[in-house]
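In order, the protein sequence lines correspond to chains A and B. Numbering of the first sequence is given in my numbering, commencing with residue 39 and proceeding in unit increments. Numbering of the second sequence is given in my numbering, commencing with residue 322 and proceeding in unit increments.
There's no promise every hint is true.
Here are the simulated DSSO-like pairs of lysine-lysine, each with C-alpha atoms no more than 27 angstroms apart in a straight line [as the list claims (entries may be wrong)]:
id: 1; chain 1: B; residue 1: LYS474; chain 2: A; residue 2: LYS80
id: 2; chain 1: A; residue 1: LYS75; chain 2: B; residue 2: LYS468
id: 3; chain 1: A; residue 1: LYS80; chain 2: B; residue 2: LYS468
id: 4; chain 1: B; residue 1: LYS402; chain 2: B; residue 2: LYS474
id: 5; chain 1: B; residue 1: LYS510; chain 2: B; residue 2: LYS408
id: 6; chain 1: B; residue 1: LYS510; chain 2: B; residue 2: LYS436
Source of the hints: derived by calculation from the structure; they are not laboratory data.
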Amino acid sequence: MRGDNLTAILVLVPAMIFVSIFIYAFIFYTFYVSTVKWPTLKPDFTFVGLQNYVRMFNDPRFRIDMRNLVLFAGGFMTQCIVIGFVLASLLDSKIKSEAVFRTIFVFPFAVSGIVTGVVWRWLMFPQAGLNQLLGLDSKWYTTPKWGILAVTIAASWQFAGYVMALYLAGLRGINAELKEAAAIDGASTWQLYRHIIIPLLAPVTFTVIVLTGMGSIRVFDIPAVLGTGAAFSTDMLAFHMFQLTFQSNRIALGAVIASVMIMLAALLVGPYLASLQLEDAQ
Amino acid sequence: MTATTPDVATTAEKSKTPSKPFHWSRILVYGTLILAAIWFLLPVYLMLITGMKTYDQVNIATMWAFPNPISLDGFIQAWEKVAPNFKNSFVITVPAALISAVWGSINGYVFAKWKFPGSNIIFMLFLVGMFLPYQGVLIPLVFTLQKMGLYGKLTGVIFTHCVFGIPIAALMFRGYYAAIPNELIDASKIDGCGFWSIYRWILLPISFPAFAVVLIWQFTTIWNDYLIGLIVVSRPNLAPVNVAVKNLAGTYTTQWQVQMSGALIAALPTIIVYLLLGRFFMRGLLAGSLKG
Numbered sequence: 039m040r041g042d043n044l045t046a047i048l049v050l051v052p053a054m055i056f057v058s059i060f061i062y063a064f065i066f067y068t069f070y071v072s073t074v075k076w077p078t079l080k081p082d083f084t085f086v087g088l089q090n091y092v093r094m095f096n097d098p099r100f101r102i103d104m105r106n107l108v109l110f111a112g113g114f115m116t117q118c119i120v121i122g123f124v125l126a127s128l129l130d131s132k133i134k135s136e137a138v139f140r141t142i143f144v145f146p147f148a149v150s151g152i153v154t155g156v157v158w159r160w161l162m163f164p165q166a167g168l169n170q171l172l173g174l175d176s177k178w179y180t181t182p183k184w185g186i187l188a189v190t191i192a193a194s195w196q197f198a199g200y201v202m203a204l205y206l207a208g209l210r211g212i213n214a215e216l217k218e219a220a221a222i223d224g225a226s227t228w229q230l231y232r233h234i235i236i237p238l239l240a241p242v243t244f245t246v247i248v249l250t251g252m253g254s255i256r257v258f259d260i261p262a263v264l265g266t267g268a269a270f271s272t273d274m275l276a277f278h279m280f281q282l283t284f285q286s287n288r289i290a291l292g293a294v295i296a297s298v299m300i301m302l303a304a305l306l307v308g309p310y311l312a313s314l315q316l317e318d319a320q
Numbered sequence: 322m323t324a325t326t327p328d329v330a331t332t333a334e335k336s337k338t339p340s341k342p343f344h345w346s347r348i349l350v351y352g353t354l355i356l357a358a359i360w361f362l363l364p365v366y367l368m369l370i371t372g373m374k375t376y377d378q379v380n381i382a383t384m385w386a387f388p389n390p391i392s393l394d395g396f397i398q399a400w401e402k403v404a405p406n407f408k409n410s411f412v413i414t415v416p417a418a419l420i421s422a423v424w425g426s427i428n429g430y431v432f433a434k435w436k437f438p439g440s441n442i443i444f445m446l447f448l449v450g451m452f453l454p455y456q457g458v459l460i461p462l463v464f465t466l467q468k469m470g471l472y473g474k475l476t477g478v479i480f481t482h483c484v485f486g487i488p489i490a491a492l493m494f495r496g497y498y499a500a501i502p503n504e505l506i507d508a509s510k511i512d513g514c515g516f517w518s519i520y521r522w523i524l525l526p527i528s529f530p531a532f533a534v535v536l537i538w539q540f541t542t543i544w545n546d547y548l549i550g551l552i553v554v555s556r557p558n559l560a561p562v563n564v565a566v567k568n569l570a571g572t573y574t575t576q577w578q579v580q581m582s583g584a585l586i587a588a589l590p591t592i593i594v595y596l597l598l599g600r601f602f603m604r605g606l607l608a609g610s611l612k613g
């Protein structure tokens, strides 16, 4: 018995070593690099404190990135929640060929961000694409200043079906008797949603906010295809970090963006994991 | 979380009752669903019609016109460009998915059935790590892979995907194994079964669905990866297919038929897996909602 317990711990050791090095030690190393000089490929570990951060926060491109992050997260979250919730509710209303619709809605999630970006670049091509199909005159992702919102359309196309699946699982988990009881009490559909279904689905919405928030912080593929736009109007943190670090070799400055991304992610994930922990304990 | 998530596909069947009598609101419901379906399929339609055009037919003014005559030139041209990368993606994805599934199964087994003081904390630390953006580790990753002699090689990409797949695979298997009654494990311990024989004779034989879920999840994630492939291998002929498609889109800017064909080729394997094994894919979606 004792030997088996030891085996169990030993079996976990390789994974523990890899996670502690490749995730935790690496993160600390990134934080460390963000506080040293290291201006070119050649390592230079002269400590400079928060100088790199000050420099980054005064950098116009970084400021645009932060603004774009807020816009992207807002647009992406709203579209995913609204589309995901509406489609899940419709699919939950005893639909024929539900499986067909479900398969179609979720399938973009099986497609890569690069493919999504390549197709949507053609769809949002200002002289053709959706403009031509729908008779619109939008500049889409080439819109000065607000182009980033068009990027969220492509991102939501890819992710809203996933959100729909989460909401659908949530709806299926709601006790049918509860809905019937509300109907007997004379609740309208609107009241049923307003007072019963939406509050009961709050944990799903919380999960979706965390997931889409994380997605907004790290989105890389779609901006990589669509480009940074004029005056960085469609630039995002992850892409800026990549260019600074691996194309301009500004290692320490790249590490600053990476550190900011980790801190933002931790702010989002911390409360989420704490809530999961509470659920587990109950 | 994972063990209790309802299976969308099966619960859907159960909740189906005879359809209601005709009502105008049903038209609205179906109308909205059909519009949504068109929206989600529109990019696929565009990929197909553009991919089947010849270069002369690819014209901004007739972008939505059906190809006439239908031509496979775009596909052939795109395939010639991305075939080696398509192969690279398989060489990367298959072993990485297999290794992370086997490894995840054993780790999940320990987390679910051999809890020791601190094992839950270790599990939480795995989870936290899963959420963090890759950018946070890229700089030391590149230097470490260089030191290990794995930088610029497909083995380096495989290794990286295996390491970053540890948390999600362990999470999925832990959820699956947690649903197996502890009494079963305890009884076999009394019968003299040890750590490995319980795994081999009790858990492994019933693990097929969990393996399917994890393999499909990892296959999709790794196949669709762009960042790791971009960072770890610098030579274009070693790049995975999504890196190649991105480059194709950069070089053939006006040859939309080549771009669309390339995108379709890159998307095909995961779409096929999704269509054939959608049930397991859905389960992975719900279990993986922790990651996204």
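Hints, verified against the model:
no.: 1; hint: B:LYS474 - A:LYS80; result: holds (23 angstroms)
no.: 2; hint: A:LYS75 - B:LYS468; result: holds (22 angstroms)
no.: 3; hint: A:LYS80 - B:LYS468; result: holds (16 angstroms)
no.: 4; hint: B:LYS402 - B:LYS474; result: holds (20 angstroms)
no.: 5; hint: B:LYS510 - B:LYS408; result: violated (46 angstroms)
no.: 6; hint: B:LYS510 - B:LYS436; result: holds (15 angstroms)
The structure is inconsistent with hint 5 alone, although it conforms to all the rest.
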